[in-house]
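Student: Could you build all of it, start to finish, from the sequences and the hints given here?
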Amino acid sequence: MRQRLRRLRHPRGALPYLLLLPALALELLIHLVPMVVGIVMSFKQLTQFFIRDWSAAPWTGLGNYRMAVDFSAPVGQSLLNSFWTTCCFTVLSVGLSWLLGTAAAIYMQDAFRGRGILRALFLVPYALPVYAAVITWSFMFQRDTGLINHVLVDQLHLMDEKPFWLIGDNSFTALVVVSVWKSWPFAFLTLMAGLQNIPRELYEASSMDGAGVWQQIRKITLPSLRPVNQVLVLVLFLWTFNDFNTPYVLFGKSAPEAADLISIHIYQSSFVTWNFGVGSAMSVLLLLFLLLVTAVYLFLTSRRRDADA
Amino acid sequence: MPKAPVSPMAPPASFKWSRRVFLLLLSAFVLTPLFVMISSSMKPLQDVQGAFSWIPSSFTLQPYVDIWTTVPLGDYFVNSLIVSVSATALSVVIAIFAAYAVSRYRFRGRKLFTVTVLSTQMFPGILFLLPLFLIFVNIGNSTGIALLGSRGGLILTYLTFSLPFSIWMLVGYFDSIPRDLDEAAAVDGCGPLRTLLKIVVPAAVPGIVAVSVYAFMTAWGEVLFASVMTNQTTRTLAVGLQGYATQNNVYWNQVMAASLVVSIPVVAGFLLLQRYLVAGLTAGAVK
Numbered sequence: 001m002r003q004r005l006r007r008l009r010h011p012r013g014a015l016p017y018l019l020l021l022p023a024l025a026l027e028l029l030i031h032l033v034p035m036v037v038g039i040v041m042s043f044k045q046l047t048q049f050f051i052r053d054w055s056a057a058p059w060t061g062l063g064n065y066r067m068a069v070d071f072s073a074p075v076g077q078s079l080l081n082s083f084w085t086t087c088c089f090t091v092l093s094v095g096l097s098w099l100l101g102t103a104a105a106i107y108m109q110d111a112f113r114g115r116g117i118l119r120a121l122f123l124v125p126y127a128l129p130v131y132a133a134v135i136t137w138s139f140m141f142q143r144d145t146g147l148i149n150h151v152l153v154d155q156l157h158l159m160d161e162k163p164f165w166l167i168g169d170n171s172f173t174a175l176v177v178v179s180v181w182k183s184w185p186f187a188f189l190t191l192m193a194g195l196q197n198i199p200r201e202l203y204e205a206s207s208m209d210g211a212g213v214w215q216q217i218r219k220i221t222l223p224s225l226r227p228v229n230q231v232l233v234l235v236l237f238l239w240t241f242n243d244f245n246t247p248y249v250l251f252g253k254s255a256p257e258a259a260d261l262i263s264i265h266i267y268q269s270s271f272v273t274w275n276f277g278v279g280s281a282m283s284v285l286l287l288l289f290l291l292l293v294t295a296v297y298l299f300l301t302s303r304r305r306d307a308d309a
Numbered sequence: 310m311p312k313a314p315v316s317p318m319a320p321p322a323s324f325k326w327s328r329r330v331f332l333l334l335l336s337a338f339v340l341t342p343l344f345v346m347i348s349s350s351m352k353p354l355q356d357v358q359g360a361f362s363w364i365p366s367s368f369t370l371q372p373y374v375d376i377w378t379t380v381p382l383g384d385y386f387v388n389s390l391i392v393s394v395s396a397t398a399l400s401v402v403i404a405i406f407a408a409y410a411v412s413r414y415r416f417r418g419r420k421l422f423t424v425t426v427l428s429t430q431m432f433p434g435i436l437f438l439l440p441l442f443l444i445f446v447n448i449g450n451s452t453g454i455a456l457l458g459s460r461g462g463l464i465l466t467y468l469t470f471s472l473p474f475s476i477w478m479l480v481g482y483f484d485s486i487p488r489d490l491d492e493a494a495a496v497d498g499c500g501p502l503r504t505l506l507k508i509v510v511p512a513a514v515p516g517i518v519a520v521s522v523y524a525f526m527t528a529w530g531e532v533l534f535a536s537v538m539t540n541q542t543t544r545t546l547a548v549g550l551q552g553y554a555t556q557n558n559v560y561w562n563q564v565m566a567a568s569l570v571v572s573i574p575v576v577a578g579f580l581l582l583q584r585y586l587v588a589g590l591t592a593g594a595v596k
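Quick mapping for you: the protein sequence lines, in order, are chains A and B.
Under my numbering, the first sequence has 245 at position 245, and the numbering climbs by one with no breaks.
Position in the second sequence counted from 1, then plus 309, gives you my numbering.
For the record, the hints were derived by calculation from the structure and aren't laboratory data.
On a predicted model such as this, the values are computed, not experimentally measured, just so you know.
Please note: incorrect hints may appear among the correct ones.
Claimed, not checked - Derived coverage of chain A by chain B (criterion: at least 3 residues anywhere in the stretch with Cβ under 8 Å from a Cβ of chain B; other residues may be distant):
1. 22 to 33
2. 88 to 101
3. 126 to 139
4. 144 to 157
5. 161 to 172
6. 239 to 250
7. 273 to 280
Stated by the list, open to error - The following label-pair restraints were derived from C-beta to C-beta distances:
8. B:PHE344 x A:TYR297: 35 to 43 Å
9. B:LEU506 x A:ILE167: 41 to 49 Å
10. B:ASP489 x A:ALA307: 31 to 39 Å
11. A:LEU21 x B:PRO321: 56 to 64 Å
12. A:GLU257 x B:THR369: 35 to 43 Å
13. A:CYS88 x B:SER336: 22 to 30 Å
Every residue gets a Cβ at the ideal spot worked out from N, C-alpha and C, and that includes glycine.
Tutor: So this is what it looks like as structure tokens:
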């Protein structure tokens, strides 16, 4: 029997590779080939004249990259603006989603009447198709017919004049609100799952020692959630930074300058101005940035984990 | 689902009060758009074109009738259904085999495979959109196979996010199934493939359900690829819903009714399968 077990763990031959074959073939087709093509594209002068046969487009070397990062020219300047907007948007949206998710998960850790219903309710924004949710928000943000201005101006009299929410500087606020609304339930769901892994003896022992609820949260709950948070924050960061659906449904093909997120900016430079070469160079730069941030993040969190151990 | 730990001491009043206030505000934040969606979908057109009102001036179900004729919503529904179901089924079936290999065997290249799958998950969709678009255009020009605008082409692009995600979640779930089960089956003379189909897959049903629901939900709500890769006849709900805006105005009551109609299947499915989803997430993501 020992022999058999060992064979199960270290099989000779091709079986694991056979099992992986379909996945490998598809990975090649949908990820590897497009990525290579994308990198090649970024070195070519790929304008609308070469869409039909992109391989015939002339090489431009680092020309597209130079154009993307030349911050004194319009293309580079607007890319830099968009990058900065995306950073601010991501920090705000991830921070607020995490805060709401943590507070809700901790407050709902203990049973109380109506807890089950509330939990189901809180998951609805997460379950709704993104476009259905964002379209509803865009209706609420309409200047003359929307709920937001009706409440702020007509009912609470906080403002004299009805502001525009979907154009101009306010569009950034609108974008953050919508993004938090649909992503905080994911934080809530993940953290609730994380709370279930905390042994209840910890709470029992600490309340014997006379610790109150707030102290327990600070000393037991939050530290125990740290490994969950490390994954959660990274996932939220990547999703939010790459988000295309929310700004696209809220603002359409060209977002207002104050809410011009990077993925919509690349989409706009590629499909509206038909310059795929520069668009690809921008996507490669975006990817490099995300890889760098992720690597630094993983390095810092794992070092901290080692220090804790 | 396991019960959350209950602190033996009753929480103090300060905790209870802050909890009430917080949960009340949060519920208002969550509920307001849902209320707007439902109430506006039952308003006559003049109501949604004037200043906002909490309560409809007159109650009507006409928008629910009109949504099907203003735009070909039925066609969009069918397109979304075909694309989402196919992408989900394809990625989950392929992921089951791949995840089994990764979870149960140690082989050369295992680490490379998992790292690749994990990292493609974080890549922005826009990175794949541009090359895939051009590849589809080129294939169409040189072979006459029109991938651009076809459902098959869209399904293929949806695999870019549903496949790595399914593999990643299922590896986590399979890891949580005790190996003793496999070993007992092997002792009974089951081959690896039979062990997978007769032992591991049945034990992993909650995880497989969770992954399928997530994959379906993401495909059903996808906007980026759908806006570029579809044409008049293959348009999905994500793109088609924008058709309620005419030159001069938007039929907001119909938009809200349509949004509600396309949301109900996924939300109902999600809430019904919630317990599996939380279990799947605990095993897959948290561990």
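Student: Checking against the hints above, which ones are violated?
Tutor: Per hint list: 2, 5, 9 violated.
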